[in-house]
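Could you slot chain B onto chain A? The hints should help.
As they're listed, the protein sequences go chains A and B. Residue numbering for the first sequence follows my numbering, beginning at 133 and increasing consecutively. Residue numbering for the second sequence follows my numbering, beginning at 4 and increasing consecutively.
Just so you know, these hints were derived from the structure itself, not from any lab. Hints may contain errors.
[As the list claims (entries may be wrong)] Covered stretches of chain A, as calculated for chain B (at least 3 residues, CB under 8 Å): (1) 179-189; (2) 351-359; (3) 375-382.
[Claimed, not checked] Once the Cα atoms are required to be at most 20 Å apart in a straight line, the calculated EDC-like pairs of lysine to aspartate or glutamate come out as: (4) Lys135(B) / Asp241(B); (5) Lys241(A) / Glu233(B); (6) Lys135(B) / Glu233(B); (7) Lys241(A) / Glu352(A); (8) Lys241(A) / Asp354(B); (9) Lys241(A) / Glu345(B); (10) Lys416(A) / Glu141(B); (11) Lys241(A) / Glu141(B).
Where is the CB? At the ideal position from N, CA and C, for every residue including glycine.
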Amino acid sequence: MDTFVFSLLNGTVYGLLLFMVSAGLTLVFGMMGVLNFAHASFYMLGAYFAYTLQGPIGFGPAVVAATLLSGAVGVVVERWFLRRVHHHGHAHELLLTFGLSFIIAETIKLFFGNYPVDYRIPPALDFAAFTIGRQQYPAYRALMAVVALAMFGALWLLLTRTRIGIVVRAAIYRPRMAQALGHNVQLVFMGVFGVGAALAGLAGAIAGAFYTTNPNMALEVGVMVFVVVVVGGLGSLGGAMLASLLIGVITSLAVSVDRSLADLLSVVGAGAWAEAVGGLLTLKLSSLAATLPFALMLLILLVRPAGLMGEKA
Amino acid sequence: MRMNLPLLVAGVALLAALPAVLPGGLLIASIQMLVAALFASAYGMLSGRAGMLSFGHAAYFGMGAFATVHAMNAFGGSGLLPTPLMPLVGAAAGLAIGVVAGWFATQRSGTTFAMITLAIAELLHALAPQLKGLFGGESGISTMRAPSLGLSFGSTTQVYYLTLVWVLLSIALLYFHTHTPAGRLTLALRENGHRLRFLGYNVHGLGVSAFAISAMFSGLAGGLQALSNEAANYAVFDAGVSATVVLNSYIGGVGSFLGPALGAALMTFFGYAVSDATQSWLLYQGVLFVLVMMFAPTGLSGLFGTGVRLVEQRGWRPAVFSALLVGGAAVLLTAGGVFAVELLQRLCSQDYRALAQAAAELPAVTLLGRPWSPTSVSTWMLPASLLACGTVLVFVARRRFGSAA
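So that you can see chain A by itself, here it is in the shape it has in the complex (with noise of 0.2 Å):
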């Protein structure tokens, strides 16, 4: 029950990391209709941000000068590479946000090299919220979690409550009757990228001190928020937060459970055709945590194809 119970928890906080990533993309790609390859690549410039500051200013200080940062390049992207090849449409923009994820990638192994830096917790943070059973709760998982949701309700409350989510909304709803009403829609479309950044580079430099931080992460992460944002729907917030949740629950779950389909089958009494067929039929349903995102994403395309939460079919 307390292994159970940990890896809700676990899958929770893993989920709310999901949703800080994918956030940022899922607004971007309502807004601009630009996929950014490159969004999980601010995820890991923040924790390198934070990693590298972390000495001379202190973990919290260069946590938040990390989310300016991935911001700045964000607002960089947008403003002289993504803006120059507007014109030739969304595919050459994915193409393009593509390469610059590459390049961000290999950037990193060039001054960091290939493996894992030694990013850490600071030890005032490392200590346990609670304990349940024998077990301990590290309290920086909660700091993430309460990071998470203090980013979604600030991102509610902006874009519902305030004149800028007025105008932010407009510009994603139709964007030429924005302008044509005199807003800046090319400022709101760097500043809606700039912040979506941000949000990316913060789960980083928060994320990056708890799991690794190494030149893949971008990939990792970049790959299960895509389907994050599939599964949600492209462009909602909440299914973003909703698909999230769900996949790091199931991974979480997933891990723990020690049973394959062949033990599933005895139970119709087709165990021992099972274990002798092997293949899929013996793998632990542990071992195949991984891959139950994408068959998530697959079925979901089957039978939902705008996502759970998304209206554009």
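Frame of chain A; chain B shown alone:
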């Protein structure tokens, strides 16, 4: 599309003559170039002609490779088919998995399609190491080329000719496909899927067929690679393989038929040539890709067309002059950029850091056969001045030939 027949014959003759002039190491690189060219052609058929951006083509390449390895190992090593026909197994595997994956992926178009293809490839990549029987776990599966039809297939030359025949045949088939009604409809799918649907065509079926054909030739390329390496490892499903084919194809230019193949051959060759000299080849590849996407969206093969247009518009003399100007700028910028990157790479390497820590100062690094001190200004002035001169040349070229260059 115009096909210059004498040029084509000369190209094929050159390829056929290569084993006579090239040393062994380069011949193996040529086989890799041929395989990469076929893979990129298959990819270009999907992304360029059908307008479907796939980020997961490693899945079909890898399936082709593994199917071929299993076919070669069948019947206690004697093989399912004679060795020269082995790539057909790879093609069949690519086709089979392509039909299934394509059925899913082409449900959606555009961006979502790209993400689905990526997810399918990642699904296979995550699953492959678990299925030890099929994919051999971490170590992969090795095999042997069985002698067949009086040929031993032991020498690189024989493998080269086998690869060459298959690659030329496949590229010819892909070219033939562009002239069939199905090929024309593929083009229509890219231009306007809605109108195609109104005209009564089965758009989903067309998408699946284009996807499956591309996957089939990718599988064939994978089969050829397995045949040449005599092994396959689950690393063929890696995202890097998918990324490389995207970069290669677009650097070459998906707009023309041979663009992706030329791009892939060129990039594979450079990758082979510089693999000893630098560790940052992937970085250069990425930078080149981004530059192409930003300044020459039609790819390197499109530059040729631009040159031809320039000659037609302004005559030979200004065209050659501007080509020299742009070429000079490219050389200067490349030299400056590469020098800076290589210097940084050496300064950031772990060996150097340990050395600097031990010596308590910043020792000089060796590059191009002479030492460069990281603390002296002259070291950094060299790449900076190269880059500055290159930038000046670019501005001059843009002012003179703003519209054409």
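Please write out, lowest number first, the hints stated earlier that are contradicted by the structure. Numbers 1, 3, 5 and 11, in rising order.
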